[in-house]
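K.L.:
First to last, the sequence lines map onto chains A and B.
Numbered per the numbering used here, the first sequence spans residues 1 to 335.
Numbered per the numbering used here, the second sequence spans residues 1 to 335.
Simulated from the structure, these hints should not be mistaken for laboratory data.
One should not assume that every hint holds.
What the hints assert, rightly or not - A few chain A residues that don't get close to chain B, going by computed Cβ distances all over 12 Å: (1) Lys78; (2) Thr84; (3) Asp145; (4) Ala205; (5) Asp281; (6) Ile304; (7) Lys324.
Stated by the list, open to error - Per the computed footprint, the stretches of chain B lying under chain A, defined by three or more beta-carbons under 8 Å from a beta-carbon of chain A, are: (8) 233-245; (9) 250-259; (10) 263-273.
Think of the CB as a built atom: it goes at the ideal place given N, C-alpha and C, for glycine as much as any other residue.
Protein chains: 2
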Amino acid sequence: MNKQIIFKKRPEGLPDDHTWELQSNPIPEPAEGEVLIQHHYISLDPAMRGWMNEGKSYIEPIAIDDVMRAGAIGKVIKTNNHPTIKEGDFLTGWGGVQQYAATDGSNWRKVAPDLVPLPMYIGTLGMPGMTAYFGILEVGKIKEDDTVLVSGGAGAVGSIVGQIAKIKGCNVIGIAGGADKCSYMLNELGFDGVIDYKSENIQDAIHRECPDGIDVYFDNVGGEILDAALSKLRMHARVVLCGAISQYNDKENIKGPDNYLSLLINRATMQGMIVMDYTNDFEKAAIEMGGWLATGKLKSREDIYDGIENFRDTFLRLFSGDKKGKLVLKVLEEE
Amino acid sequence: MNKQIIFKKRPEGLPDDHTWELQSNPIPEPAEGEVLIQHHYISLDPAMRGWMNEGKSYIEPIAIDDVMRAGAIGKVIKTNNHPTIKEGDFLTGWGGVQQYAATDGSNWRKVAPDLVPLPMYIGTLGMPGMTAYFGILEVGKIKEDDTVLVSGGAGAVGSIVGQIAKIKGCNVIGIAGGADKCSYMLNELGFDGVIDYKSENIQDAIHRECPDGIDVYFDNVGGEILDAALSKLRMHARVVLCGAISQYNDKENIKGPDNYLSLLINRATMQGMIVMDYTNDFEKAAIEMGGWLATGKLKSREDIYDGIENFRDTFLRLFSGDKKGKLVLKVLEEE
Numbered sequence: 001m002n003k004q005i006i007f008k009k010r011p012e013g014l015p016d017d018h019t020w021e022l023q024s025n026p027i028p029e030p031a032e033g034e035v036l037i038q039h040h041y042i043s044l045d046p047a048m049r050g051w052m053n054e055g056k057s058y059i060e061p062i063a064i065d066d067v068m069r070a071g072a073i074g075k076v077i078k079t080n081n082h083p084t085i086k087e088g089d090f091l092t093g094w095g096g097v098q099q100y101a102a103t104d105g106s107n108w109r110k111v112a113p114d115l116v117p118l119p120m121y122i123g124t125l126g127m128p129g130m131t132a133y134f135g136i137l138e139v140g141k142i143k144e145d146d147t148v149l150v151s152g153g154a155g156a157v158g159s160i161v162g163q164i165a166k167i168k169g170c171n172v173i174g175i176a177g178g179a180d181k182c183s184y185m186l187n188e189l190g191f192d193g194v195i196d197y198k199s200e201n202i203q204d205a206i207h208r209e210c211p212d213g214i215d216v217y218f219d220n221v222g223g224e225i226l227d228a229a230l231s232k233l234r235m236h237a238r239v240v241l242c243g244a245i246s247q248y249n250d251k252e253n254i255k256g257p258d259n260y261l262s263l264l265i266n267r268a269t270m271q272g273m274i275v276m277d278y279t280n281d282f283e284k285a286a287i288e289m290g291g292w293l294a295t296g297k298l299k300s301r302e303d304i305y306d307g308i309e310n311f312r313d314t315f316l317r318l319f320s321g322d323k324k325g326k327l328v329l330k331v332l333e334e335e
Numbered sequence: 001m002n003k004q005i006i007f008k009k010r011p012e013g014l015p016d017d018h019t020w021e022l023q024s025n026p027i028p029e030p031a032e033g034e035v036l037i038q039h040h041y042i043s044l045d046p047a048m049r050g051w052m053n054e055g056k057s058y059i060e061p062i063a064i065d066d067v068m069r070a071g072a073i074g075k076v077i078k079t080n081n082h083p084t085i086k087e088g089d090f091l092t093g094w095g096g097v098q099q100y101a102a103t104d105g106s107n108w109r110k111v112a113p114d115l116v117p118l119p120m121y122i123g124t125l126g127m128p129g130m131t132a133y134f135g136i137l138e139v140g141k142i143k144e145d146d147t148v149l150v151s152g153g154a155g156a157v158g159s160i161v162g163q164i165a166k167i168k169g170c171n172v173i174g175i176a177g178g179a180d181k182c183s184y185m186l187n188e189l190g191f192d193g194v195i196d197y198k199s200e201n202i203q204d205a206i207h208r209e210c211p212d213g214i215d216v217y218f219d220n221v222g223g224e225i226l227d228a229a230l231s232k233l234r235m236h237a238r239v240v241l242c243g244a245i246s247q248y249n250d251k252e253n254i255k256g257p258d259n260y261l262s263l264l265i266n267r268a269t270m271q272g273m274i275v276m277d278y279t280n281d282f283e284k285a286a287i288e289m290g291g292w293l294a295t296g297k298l299k300s301r302e303d304i305y306d307g308i309e310n311f312r313d314t315f316l317r318l319f320s321g322d323k324k325g326k327l328v329l330k331v332l333e334e335e
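All chains should be built: construct the whole structure from the sequences, respecting the hints.
P.N.:
Structure, rendered in structure tokens:
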């Protein structure tokens, strides 16, 4: 059987018992020209919360009674005369939160399972890594010696943002919650400074760590931290709007950045980015990221939980912050 | 005597009786190499409110007991061996709110009094016009067929923004307060649509006038109107932050744009601009603007009040909106 997480009810605030239903349905048969993929891992990302809301966004909302949308990685276990994909190939794509998916392979890409661990293909070499790469380089336009502040600095996107900025010769300050994450950013990732938003006044800490101001702020969180960062922008600073995890569960009461006029005073730019816009450049980025991984310049950390039954509890770790690096759910049941 | 408006007390909220003092002091003597300018007109601009606040901004705050900072235009009535400026020359520069200024002429520029009326040199061909020109072209990056929304659309900056956008083939919607200003934008300036924020629900009106969304929003006001505009951005839209007149008199309670995540969803950019950054390009812009004025493509309207004694009451018209076009104070006392 194919265990699936079915989207049943749009949540107000955090998802709860009524948001999804776990169903067991027959494993689909691939139609002519299709393949059947057995999922190994599912990617859990903050953006998934946004896709659950009604209304216009950068992507259609998930429909009620559909399989919950998510990135996945798995192995082809059957093909029905697919011209290029073979049994045993590993693919990553929008498989959804389920154990099996039948597809014609469009929008899936092949990965090499012997090169890096599979979960890394949905993390550092997947959407979060690509978001970091294009966000900090193309939108943030970092230059050597820039002071770069990144929130969610120990997370799937932020940890890569900070490391790329280090590779490019920037002074990097990471913000995260808790001593463990701060120690990780400082000692493992090599950031120049860290801020623990759970134990420090964020405004004071930004003044301490960025005494001459911020050239690039990469925002994954929104809210108070965005406002504090705006208050310390340097001339011609760039604010990369990548996410707003502090705001996703209270859509009716989104809090705008009261310090937005700092953009005016400092001739600064705040720009949103969506990683899908860079799809055509993923391969080029993957080659460069692969090189950094191979030479130890870039570190990748995945936090892997087990069992599709645990989807909701694992997903909620994105919002409690109780996770280390890229959050991944293993849905393959080993025999 | 030289009547001067002296800055005495930083206001909370709107300036009042205690903010300035009118003094009569001796007319200054130009030192060796200086000239004495008799001011004809003073420019009244929203930015002046910002200069009165303490603290870091894009320019030093006005010091207590200094002459109130303002742009001015006047005639040289005496020179003390200035190498290039002659008696009878007309100059515009930061003369301040007073009737006479002695200066070595640095940062002043000569104007031709017979070419256009003097007040136009501190309006359409001065800071407001330059702000409009560089803001909509360099920051807004308008292209033919863009839908351009401009707030303060009947004002010194907004009226020029909208007209330049029309010249460039855009679809232009102007926002202003009251039927008179709306009729001016529609019938005199040739805008394609208008919104009266005093009598309409701004959100509904933007949906009506920009059914397919906004490519460029030029913001002179902030607050609710900025928020409503953000909610209708098109993909890759540009928001030009030029001013925030709704926010200038309540510095402690600036209201950020709650819809800022529209920048993310639409990969849009919000960028601040300060006209002083473009000083080196003013001449080039003035030539192009002069051509548009000469051929009737660009219309300029000045609202001129008389008497330095009326400075405060006239200045407050900027915030009540009770003015038509560029606000100018005549300080020359005709004999």
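K.L.:
With reference to the structure, classify each hint as holding or not holding.
P.N.:
Here's how the hints hold up against the structure:
1. Chain B leaves Lys78/A outside its interface by the beta-carbon criterion, the shortest separation being 38 Å against a cut-off of 12 Å.
2. Distance to chain B confirms Thr84/A as a non-interface residue, since its nearest Cβ pair spans about 32 Å, more than 12 Å.
3. The claim that Asp145/A lies off the interface holds: its Cβ sits roughly 22 Å from the closest Cβ of chain B, which is beyond the 12 Å cut-off.
4. For Ala205/A, the condition that its CB be more than 12 Å from all CB atoms of chain B holds, with the nearest at approximately 19 Å.
5. Distance check on Asp281/A: its Cβ is at least 15 Å (rounded) from any Cβ of chain B, clearing the 12 Å threshold; non-interface status holds.
6. Residue-level check passed: Ile304/A sits 28 Å from the nearest beta carbon of chain B, beyond 12 Å.
7. Every CB of chain B lies more than 12 Å from the CB of Lys324/A, the least distance being 26 Å, so the non-interface label holds.
8. Counting residues of the segment 233-245 of chain B whose beta carbon lies closer than 8 Å to any beta carbon of chain A gives 4, which reaches the threshold of three, so the coverage claim holds.
9. Interface restraint, the segment 250-259 of chain B with chain A: holds (6 residues with C-beta to C-beta distance below 8 Å; minimum three).
10. Check on the segment 263-273 of chain B: 11 of its residues sit with their Cβ under 8 Å from a Cβ of chain A, so the three-residue criterion for coverage holds.
The structure agrees with every numbered hint stated previously.
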